[in-house]
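Novice: Chain residues, written in single-letter form:
There are 2 protein chains.
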Amino acid sequence: MKVAVVGLGLIGGSFALALKARGLATTLVGVEANAQNAAVALQRGIVESILPLSEAIADADLIALAVPVDVIPQMAVKILNRVAPHQIVIDMGSTKEELCEIISLHPSRARFVATHPMWGTEFSGPQAATVDSFSGRSVVICEKERSDAAAVATVEELYRALGMSVLEMNAEQHDLHAAYVSHISHITSFILSTTVLEKEREEEAIFNLAGGGFDSTVRLAKSSAKTWIPIFMQNKYNILDVLREYIHQLNLFRKALERDDTEALNDIITRANDIRKVLQK
Amino acid sequence: MKVAVVGLGLIGGSFALALKARGLATTLVGVEANAQNAAVALQRGIVESILPLSEAIADADLIALAVPVDVIPQMAVKILNRVAPHQIVIDMGSTKEELCEIISLHPSRARFVATHPMWGTEFSGPQAATVDSFSGRSVVICEKERSDAAAVATVEELYRALGMSVLEMNAEQHDLHAAYVSHISHITSFILSTTVLEKEREEEAIFNLAGGGFDSTVRLAKSSAKTWIPIFMQNKYNILDVLREYIHQLNLFRKALERDDTEALNDIITRANDIRKVLQK
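Protein sequence lines, in the order shown, are assigned to chains Y and R.
Numbering-wise, my numbering puts 124 at position 124 of the first sequence, and it's gapless, one number per residue.
Numbering-wise, my numbering puts 274 at position 274 of the second sequence, and it's gapless, one number per residue.
Looking at chain Y on its own, in the form it has when it is part of the complex:
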């Protein structure tokens, strides 16, 4: 299978490395607007060559879109405008409603498979790409019924070959769940970071005392604005909904602490502990 990866950042780069390591691509070409990222991708052997979009996609069996989500919809349309009936286009973005609406009536809609591999790190760029990504994680395929069945089968097989389990969901459900299990975590980490940096001017103290759980909770605060602002904007209403609920529950905790209401604190923490069941099953 000839593969073209559009966008050689963390996700596109890791996808290419994983395909290469498992011998799943006969050729691997990339499209990358950022010259520095393009150079790193070539240097690391992530792709064989960097080509302009039209050349890269011309000969590809599979075209994978791994650019920021604010760019995906327009790029999806441009690629679908040129796609031949045997070609498959996927995206790997973290939001789906906007994309699925934009391409919904495109005459080549069936060639597109909307996917979201649930993997990422706080790092970005091709230098952060790793070969053992994706494996053991889930990938969501949205609006499967709008895609050609054989194209879906090919894409699912590919993700399974990378060690992923495949889930189906409509775009609306996807964006709601993604707000809860991914997007909000980034916001709580960003704000934990700004809060601590704002208050703790003695940065040495933060570093030296880390080990009490701060590191893992704040890890995602290293994530890139370029990736995340478009995600927050595209999933704005779901995220605002989660964020309001989160702030409400924080205020309940704060009030319980102010009142020395250890019974209420115990109730909150005991309910929070239930996440054990969810994450360990």
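A couple of the hints might just be wrong.
One copy or two, it doesn't matter: identical chains are merged, so the pair holds either way.
[Stated by the list, open to error] Below are the DSSO-like pairs computed for lysine-lysine, each with C-alpha atoms no more than 30 Å apart in a straight line:
hint, residue 1, residue 2
1, Lys20, Lys78
2, Lys20, Lys255
3, Lys78, Lys226
4, Lys255, Lys226
5, Lys277, Lys199
6, Lys199, Lys144
7, Lys277, Lys226
In short, the hints are calculated from the structure, not lab data.
Quick caveat, the model's predicted, so the values are computed rather than measured.
We have chain Y already, so just place chain R on it with the hints.
Specialist: For chain R alone, coordinates are given in the frame of chain Y:
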């Protein structure tokens, strides 16, 4: 050195295992009120025997208090009431002001060294104790000038032998920093968990979609109420201060998102990214 560990949970158990593995204790006895924990501790070889407090401490060169922080001050006093001039008592709790005040005028205050090894996990009990804990982390020693110099030297040497770096701080500074780098992280995780569990009734979805950063951000939500409520109560004013600032900054983020103010979002995220410098130096 003959060591008595009072409280064989995660911290006390791990401390005992680490001492044993490095041959730093000639005898290791434990005090544990919970019969099940006592049985696990013996079964795992964490201590050689479980004794009543008075027997356990009678013969010990070092007595380490690793019980919840609401129990530490009274127990510290009871132990200091019986301590001989060659014995050393330490605590390993996550708050220090209350303890240091309670023991401040005790005639044997100099035999006590107040310590906080900055290590922990979301698990509790002797079954969660691990031998490779502490190493590579910091330990804070508070109010060092109130302790006997030779006792401090012995305790520092012991922690260094476990691979820890030693910091000094007064109790007030300690509790303030601990609120920022440890206590608040637990609260944000607890509340992330309750928020997601409240809204996401389809628990299957949470589990399947995890991988987008949720796991690490919510990890601490598995932590025990029994450990954490006393910490929150003892460090109430510092924690309320951090919590108010955190909620304030979350509201700034929420408003920026509501207004589509990508410039403000970019400013927040860019500031949050500065945590990279602090955590990587």
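Novice: For every hint, state whether the structure bears it out.
Specialist: Checked hints:
Taking the closest pair of Cα atoms, Lys20 and Lys78 come within 30 Å of each other only inside a single copy of the chain (27 Å); across copies the shortest separation is 66 Å, beyond that limit. For the identical chains of this complex, Lys20 and Lys255 are neighbours neither inside a copy (54 Å) nor across copies (44 Å), given an alpha-carbon limit of 30 Å. Only within a single protomer do Lys78 and Lys226 lie at most 30 Å apart by alpha-carbon distance; the minimum there is 22 Å, versus 58 Å between protomers. With identical chains, the CA atoms of Lys255 and Lys226 are at most 30 Å apart between copies only, with a shortest distance of 19 Å across copies and 36 Å within one.
For a Cα distance limit of 30 Å, the shortest separation of Lys277 from Lys199 across copies, 16 Å, qualifies, whereas the shortest one inside one copy, 35 Å, does not. For the identical chains of this complex, Lys199 and Lys144 are inter-copy neighbours only, at 26 Å across copies versus 48 Å inside a copy, given an alpha-carbon limit of 30 Å. For a Cα distance limit of 30 Å, the shortest separation of Lys277 from Lys226 across copies, 19 Å, qualifies, whereas the shortest one inside one copy, 34 Å, does not.
The earlier numbered hint that this structure contradicts is number 2, and it is the only one.
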